[in-house]
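So the sequence lines, in the order shown, correspond to chains A and B.
This note's numbering puts the first sequence at residues 1 to 76.
This note's numbering puts the second sequence at residues 1001 to 1292.
Be aware that one or more of the hints could be misleading.
Pairs of lysine-lysine, BS3-like flavour, derived with a Cα cap of 25 Å [unchecked claim]:
1. Lys33(A) x Lys1048(B)
2. Lys1099(B) x Lys1112(B)
3. Lys1066(B) x Lys26(A)
These stretches of chain B come out as covered by chain A in the derived footprint (C-beta under 8 Å, 3 or more residues) [to be verified]:
4. 1037 to 1049
5. 1221 to 1231
Now the in silico label distances, taken between C-beta atoms and shown as ranges [claimed, not checked]:
6. Thr56(A) x Pro1044(B): 18 to 28 Å
7. Gln28(A) x Val1040(B): 31 to 41 Å
8. Lys48(A) x Lys1177(B): 56 to 66 Å
9. Lys71(A) x Gly1111(B): 47 to 57 Å
10. Ser1092(B) x Asn34(A): 50 to 60 Å
11. Asn1015(B) x Gly54(A): 55 to 65 Å
12. Lys1177(B) x Asn34(A): 42 to 52 Å
13. Glu18(A) x Gly1051(B): 24 to 34 Å
14. Asp1074(B) x Asn50(A): 53 to 63 Å
By construction, these hints were calculated from the structure, which means they are not laboratory data.
All values derive from a computational prediction rather than experimental measurement.
Glycine residues also receive a C-beta, built at the ideal position from the N, C-alpha and C atoms.
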Amino acid sequence: MQLDILTPDKTVFSGEVEEVTFPGTKGQFQVLKNHAALVSSLSKGKIKINTASGETFFEINGGVVEVLNNKIVVLA
Amino acid sequence: MANLKEVRIRIASINSTQQITKAMKLVSATKLRRAQTAIVQMRPYAAKLNGLLSNLSDSVDVDSLKVYFNKKKDIQKVLLVVITSDRGLCGSFNANVIKLANQTIKDKYQGKDVTIMPIGKKAFEYFGKLTYTTITDFKDVFHTLSAETGFEIGEYVLKAFKAGKFDNVEIVYNQFKNAATQILTNEQFLPIHTKAAAKTDSNKKKDYVFEPSATEILEELIPRILKTQIYRSLLDSSASEHGARMISMDKATDNAGELLKALKIEYNRVRQAAITTEISEIVGGAAALSGA
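Chain A extracted, bound-state conformation:
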C-alpha cells in the first residue's frame, strides 16, 4: 500500500507500507492491504508504520485519514 503523511509544512512520509496503525478518535485501528474505503478522524497519538524494512513511528496532533484503493493519505 502507498502511504502519504502530509502536514501543511511538508510531506512527512511517503512510501510503500505493509501495515499501519492509527490513533482513531474512537480508539486505535489497523489498516492492512485491501482495506475498504474509509475516512476517519484521528486524535493525538502515534502512527505506527510497518514497512518491509521495519517499524517507524510518527507523532501526530490529531488529523484525518483517508483510505482508498490501497492508497492511504493522512492529513495531520
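Here the structure of chain A is known, so what remains is to put chain B in place on it, guided by the hints.
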C-alpha cells in the same frame, strides 16, 4: 558648482548604499524562494482537505457545524486580521494593507465595534497608536513561521468566534501571485460564505466508511480547513513581502546606478573646470612675467 571633494564624498556614499540594496535584493530573492517552496508544499495538503470536504458536503446541515455558517443579520462585533510584515523597505507593501484595512472599516463597519488583530510588527505599530481594541498575542509570528503558529492563530480566532465574541471575521493581506505582483485582498473568514458551486455529482462519490461518523469528521475537518486558510494567508503574505522587497531593492539599486552616473559626469566636469582654471592662471601668470 559643487567642489571636487563634496562630489567625491557623495559618490562614495551612494556607492555603499547601492551595495546594501544589492545585498538586500539577493537576500530577499533567497527568502522568496524559500517562501514559495512553503506555499507549494502546502498545496497538496489543502487540495486533499478540500477533496475530503466535497465528499462530505452532504452532511453539512448539522447543528454543531451551523455555528461556522450562520450569518447574523445585524453585525456588530467585527474582527479584522491584518497581516503585514515585520520590516519595512518593501515598497508600498505595508502601506497598502493598512490602507485597505482602514478603507474596509470605513466602508463596511462604520460605527461598529471593530477589533483588530495585527500580525506583523508594522500593523502592530500602526494600530497600536489608534483607538481600536487590538489583540496583540500574535504580533510577531514571522520569524518562526510554521504551520503550528498559523494553527494557533486559527484556533484563537475560531474559539473567539464560537464564543460569540465576534459576528464577522475578515482577513486583510497581500496574496502572492508572482514575485512582482501582490494581490491586495480582504477575505471573508467567518462565517463561511458557501458557494453554490460546491455541489458535486453524486455518482462521482465513493462509498466511504466513516469512522466514527461523517458529522464528527466534519467537526474535525472544518476547523482544520479554516486554520489552513489562516496559515495560507500568512505564507502568502510572507512570500509577497519578500517579492515586494526584492523588486523595490532592485529599483533602488538601479536608481543608485543612475545617480552614480550623473555624479560621475558632474565630478569630471568639476575636475576639468578646476584644471582649466589652473592652466589659465599659469598662462596668465607667465604672460605677466614675460611682459614685464
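Tested hints:
1. A C-alpha spacing of about 22 Å is found between Lys33(A) and Lys1048(B), which places the hinted pair at or below 25 Å, so the restraint holds.
2. Taking the CA atoms of Lys1099(B) and Lys1112(B), the gap is about 18 Å. The hint holds against a cut of 25 Å.
3. Only pairs whose Cα atoms come within 25 Å are accepted, and Lys1066(B) paired with Lys26(A) is accepted, the gap being roughly 24 Å.
4. Coverage of the stretch 1037 to 1049 of chain B by chain A holds [criterion: at least 3 residues with CB-CB distance below 8 Å; count 8].
5. Remark: the stretch 1221 to 1231 of chain B is confirmed as covered by chain A, as 4 of its residues place a Cβ nearer than 8 Å to a Cβ of that chain, reaching the required three.
6. The supplied range of 18 to 28 Å is met by Thr56(A) and Pro1044(B), whose beta-carbon atoms lie about 21 Å from each other.
7. Take Gln28(A) and Val1040(B): their Cβ atoms lie about 34 Å apart, and the range 31 to 41 Å holds.
8. For the pair Lys48(A) and Lys1177(B), the supplied restraint of 56 to 66 Å is violated, since their beta-carbon distance comes to about 42 Å.
9. Our hint of 47 to 57 Å for Lys71(A) and Gly1111(B) holds, since their Cβ atoms are close to 53 Å apart.
10. Between Ser1092(B) and Asn34(A) the beta carbon distance is about 57 Å. The supplied range of 50 to 60 Å therefore holds.
11. At roughly 60 Å, the beta-carbon separation of Asn1015(B) and Gly54(A) lies within the given 55 to 65 Å, and the hint holds.
12. Range check, Lys1177(B) to Asn34(A): Cβ separation about 44 Å, and the 42 to 52 Å hint holds.
13. The hinted window of 24 to 34 Å between Glu18(A) and Gly1051(B) holds, with their beta carbons roughly 26 Å apart.
14. Restraint check, Asp1074(B) to Asn50(A): a C-beta distance of roughly 56 Å satisfies the suggested window 53 to 63 Å.
Checked against the numbered hints given earlier, this structure breaks only hint 8.
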